[in-house]
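Asks: If you read the protein sequences in the order shown, they are chains A and B. When you line the first sequence up against the numbering used here, it's residues 39 to 327, in that order. When you line the second sequence up against the numbering used here, it's residues 124 to 512, in that order.
These are calculated hints, taken from the structure and not from any lab test. It is possible that part of the hints are untrue.
[Said to hold, decoys possible] Which bits of chain A does chain B cover? Going by a derived footprint, with three or more residues having C-beta under 8 Å, they are:
1. 153-162
2. 254-267
3. 299-309
[Stated by the list, open to error] Taking CB as the label site, the calculated pair distances span:
4. A:Ile323 <-> B:Asn384: 33 to 41 Å
5. A:Asp305 <-> B:Pro497: 36 to 44 Å
6. A:Pro320 <-> B:Lys211: 50 to 58 Å
7. B:Thr487 <-> A:Ile153: 39 to 47 Å
8. A:Ile153 <-> B:Lys141: 51 to 59 Å
9. B:Val511 <-> A:Gly175: 32 to 40 Å
10. B:Val223 <-> A:Gly175: 37 to 45 Å
11. A:Lys169 <-> B:Lys426: 42 to 50 Å
12. B:Pro259 <-> A:Ala310: 37 to 45 Å
13. B:Val511 <-> A:Asp163: 25 to 33 Å
14. B:Met206 <-> A:Ala310: 29 to 37 Å
15. B:Asp439 <-> A:Leu191: 26 to 34 Å
Glycine is no exception: its CB is placed at the ideal position from the N, C-alpha and C atoms.
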Amino acid sequence: MGIIPQIIANSIIAGAIYALVALGFNLIYRATNFFNLAHGAVSVVGGYIVFGLYRLLGLPLWIAIICGVLGSGVVGYVLEKILFLPLRKRKSSQMVLIVASLGAFTIIQAVIAIIFSSQFQTLFDSSMETKLYQIGGGIITQVQLIILIAALLIMGTLAWVKERTMFGKMVSAISDDAVVARIVGINTNKLIGRVFFIGSAIAGFAGIMIGFDTGLEPTMGMSLLMKGVIAAIVGGVGNIYGGVLGAFLLGFAENFGVWQVSGEWKDAIAFAILILFLIFRPKGILGKK
Amino acid sequence: MWHCEVNKLINQFVTMQKKIKTVLSIIVVALVLWGGYAMATNQKGLGNQTITIGAVLPLSGDLAVYGEGAKNAAIMAIEDAGMKDSVKFIVEDDKGCAPVGGVSAAQKLLNVDKVNAIYGPMCSSEALSVAPLTEPLKIPMVIGAATSKTLSGAGNYIFRTIASDSVRAYAVANYAYAKGFKKAAFIFDSSQDALIQEKNDAKEAFMKAGGETVLEESFGAKDVDFKTQLSKIKNSGADVIFVGAFYKPTALIIKQARQMNINVQFVGTDESVDVKEFFAVGGNYLEGVIAPAMVKPDTEEAKSFKARYKARFGIDATIYTAEGYDAMALLLKAIKTEGLGGDQIKAGLLKVGNNYPGASGIITFNSKGDVEKPAVVKAVKSGVFEEVK
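Whole structure, please, built from the sequences with the hints as guidance.
Replies: What follows is the structure in structure tokens.
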């Protein structure tokens with residue numbers, strides 16, 4: 039059996055994880071036009087809510103997952119209401135918002151570490167059986183398959199919402215020009231609050247899935263965020279399809295890089311791609327639309 | 124009438140203000156005097172040989188498992204020596220055993236706290252980066268971990284109560300070869316010097332025994348996805364895979380390999396042995412994994428240490444605690460016998476560290492500050508490491 043099918047499978051799995059992070063990130067960027075760095079930590083929150091409810095308190099898995107997704111959504115929503123909204127009202131610059139989101143990231147990370155310790159934890163219970171699927175010569179696990187399907191489903195749903203619903207059109211309107219959107223009667227702050235909730239919930243779902251696939255660590259938010267942001271920039275910041283495309287491109291580049299060069303170069307490859315795009319195609323493959 | 128009342132009130136207010144001023148000035152004077160007195164007595168205390176020992180340990184991140192144990196062991200050694208009041212023990216977090224964190228922690232301890240000796244750091248790469256700071260000041264480092272052989276030559280004031288990895292790497296590689304494995308692949312964390320050296324030693328031993336190395340793969344310190352390296356190893360036809368990593372990546376690598384239907388023998392390092400978090404990460408996938416370990420001595424000192432540690436902290440003594448306990452106990456004995464200066468501590472350690480019956484076994488420092496201790500091979504059976512022959 040050749041090695042290439044498995045490496046393709048590995049790339050797709052990595053890409054799907056990055057895509058989940060990039061989707062929520064891009065959605066929030068679309069509505070607010072700022073880089074919400076707290077997104078990485080919000081993702082970790084989802085994983086730890088499930089860890090607390092399912093592994094520590096022994097609640098049924100499905101309840102824990104729903105609470106994890108909604109919980110991260112709420113954390114994102116609250117951040118918007120108590121932090122970003124007041125700053126926007128005060129007409130703070132993008133830079134201030136980014137620094138504030140970095141502050142929120144650090145606080146959330148520290149709180150998680152205080153509550154759950156900085157120990158590496160896994161949501162995966164050794165009593166759970168892992169089903170393996172063989173697809174075209176590559177093996178992937180059940181969790182990884184769920185991640186892949188979920189990433190594509192969420193992308194499809196967001197695209198449908200954007201094109202077909204009033205909500206989607208209003209978000210596009212804010213994205214194009216927030217002032218004009220307000221003039222034509224869109225309640226921008228209410229809408230941005232909802233966007234934060236949805237984007238953060240998607241991030242929380244990503245964190246939960248990563249907790250099942252590999253494991254959780256309070257500090258894992260930064261590398262998740264980095265990969266999500268690189269995927270978003272490469273594909274086109276604020277573009278739903280772009281984020282997913284960038285994520286898979288990144289997954290393939292990293293894994294083929296590890297195959298052909300060496301394992302230590304993985305992050306270097308990711309950031310080299312970022313730099314190349316920033317120089318030669320700053321709007322990303324698809325651009326913002 | 125009205126005018127009079129108002130004047131009275133104003134007068135009262137003015138006298139009250141004066142009183143408040145007087146009280147405030149008394150308080151300020153008292154504070155200044157007290158501060159000066161405290162500083163003066165403190166100065167006297169320092170002159171009076173307060174022993175200041177600084178620790179550089181990983182207390183956050185996933186290596187906190189090692190750091191917490193080492194910290195507890197040191198505290199226990201200080202208490203056991205009856206020096207709780209005369210030793211100032213300052214613990215600094217090196218944030219994950221990284222050289223950057225280690226160096227800034229050591230700089231703080233050396234420049235601000237003016238420590239007499241450093242306990243730690245636990246990782247070899249980090250100890251190698253800290254040595255250039257401590258050596259010119261003749262500040263000894265006593266370590267119950269940091270197992271790379273390269274550390275032996277890094278300074279004149281470095282003492283380790285743990286044997287270098289070579290002996291364990293040789294033991295496990297020879298064991299694997301004797302069990303009939305002939306083609307080895309290596310996957311290792313290239314950010315840690317101890318793990319690189321251990322991999323090199325295991326490889327050397329395996330090839331000397333007659334085995335073949337089919338592939339070497341590396342990864343970075345923070346990686347959690349090893350599937351592509353494992354795909355290459357699967358394709359290489361290896362029948363045994365040596366994993367050179369701390370417990371978390373080791374468990375993740377084995378788990379991911381099993382999930383990719385890689386069903387060959389895995390060999391870990393002693394960094395995972397008897398670490399319960401190793402099993403929390405890898406679960407049932409870890410059955411059958413072999414790893415080298417330090418011999419747990421069956422002596423009175425070892426048993427008593429284990430029991431007292433459990434009684435004191437409520438948890439089992441984990442990896443590196445017995446070694447850490449011995450390191451701190453010997454350091455205190457050395458200071459008691461010879462004195463506080465760098466050269467005095469060094470002379471003291473060489474003197475007391477001679478056939479010393481420690482919790483981790485017999486300790487005799489050679490001229491490089493190293494010890495020699497035997498190794499065993501262990502295998503995972505129903506979720507615990509058991510010695511195999």
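Asks: Lying within 32 to 40 Å: is that true of the beta-carbon distance Val511 of chain B to Gly175 of chain A?
Replies: Holds - the Cβ-Cβ distance for Val511 of chain B and Gly175 of chain A, about 36 Å, lies within 32 to 40 Å.
Asks: Holds or violated: 37 to 45 Å for the Cβ distance of Pro259 of chain B and Ala310 of chain A?
Replies: 39 Å, holds
Asks: Taking beta carbons only, do three or more residues of the region 254-267 of chain A come closer than 8 Å to chain B?
Replies: holds (count 4)
Asks: How does the coverage statement for the region 153-162 of chain A fare against chain B, requiring three or more residues with Cβ below 8 Å from a Cβ of that chain?
Replies: holds (count 7)
Asks: Evaluate the given range 29 to 37 Å for the C-beta pair formed by Met206 of chain B and Ala310 of chain A.
Replies: The hinted range 29 to 37 Å is violated for Met206 of chain B and Ala310 of chain A, with Cβ atoms some 54 Å apart.
Asks: Just to be sure I understand the hint, the distance between the Cβ atoms of Val511 of chain B and Asp163 of chain A should be within 25 to 33 Å; is that true here?
Replies: 28 Å, holds
Asks: Under 8 Å between beta-carbons, do enough residues of the region 299-309 of chain A, three at least, approach chain B for the coverage claim to hold?
Replies: This one holds; 5 residues, not fewer than the three required, reach chain B with a Cβ under 8 Å.
Asks: Hint says 42 to 50 Å; check whether the CB-CB distance for Lys169 of chain A and Lys426 of chain B agrees.
Replies: With Cβ atoms ~46 Å apart, the hint holds.
Asks: Cβ-Cβ distance between Pro320 of chain A and Lys211 of chain B: within 50 to 58 Å?
Replies: The hint (50 to 58 Å, Cβ to Cβ) holds, given that Pro320 of chain A and Lys211 of chain B are roughly 55 Å apart.
Asks: Within 51 to 59 Å: is that where the Cβ-Cβ distance between Ile153 of chain A and Lys141 of chain B falls?
Replies: 53 Å, holds
Asks: Starting from the range 37 to 45 Å, see whether the pair Val223 of chain B and Gly175 of chain A falls in it by beta-carbon distance.
Replies: 42 Å, holds
Asks: Against the range 26 to 34 Å, how does the distance between the Cβ atoms of Asp439 of chain B and Leu191 of chain A compare: consistent or not?
Replies: Since the Cβ atoms of Asp439 of chain B and Leu191 of chain A sit about 46 Å apart, the hinted range of 26 to 34 Å is violated.
Of the numbered hints listed earlier, those contradicted by the structure are 14 and 15.
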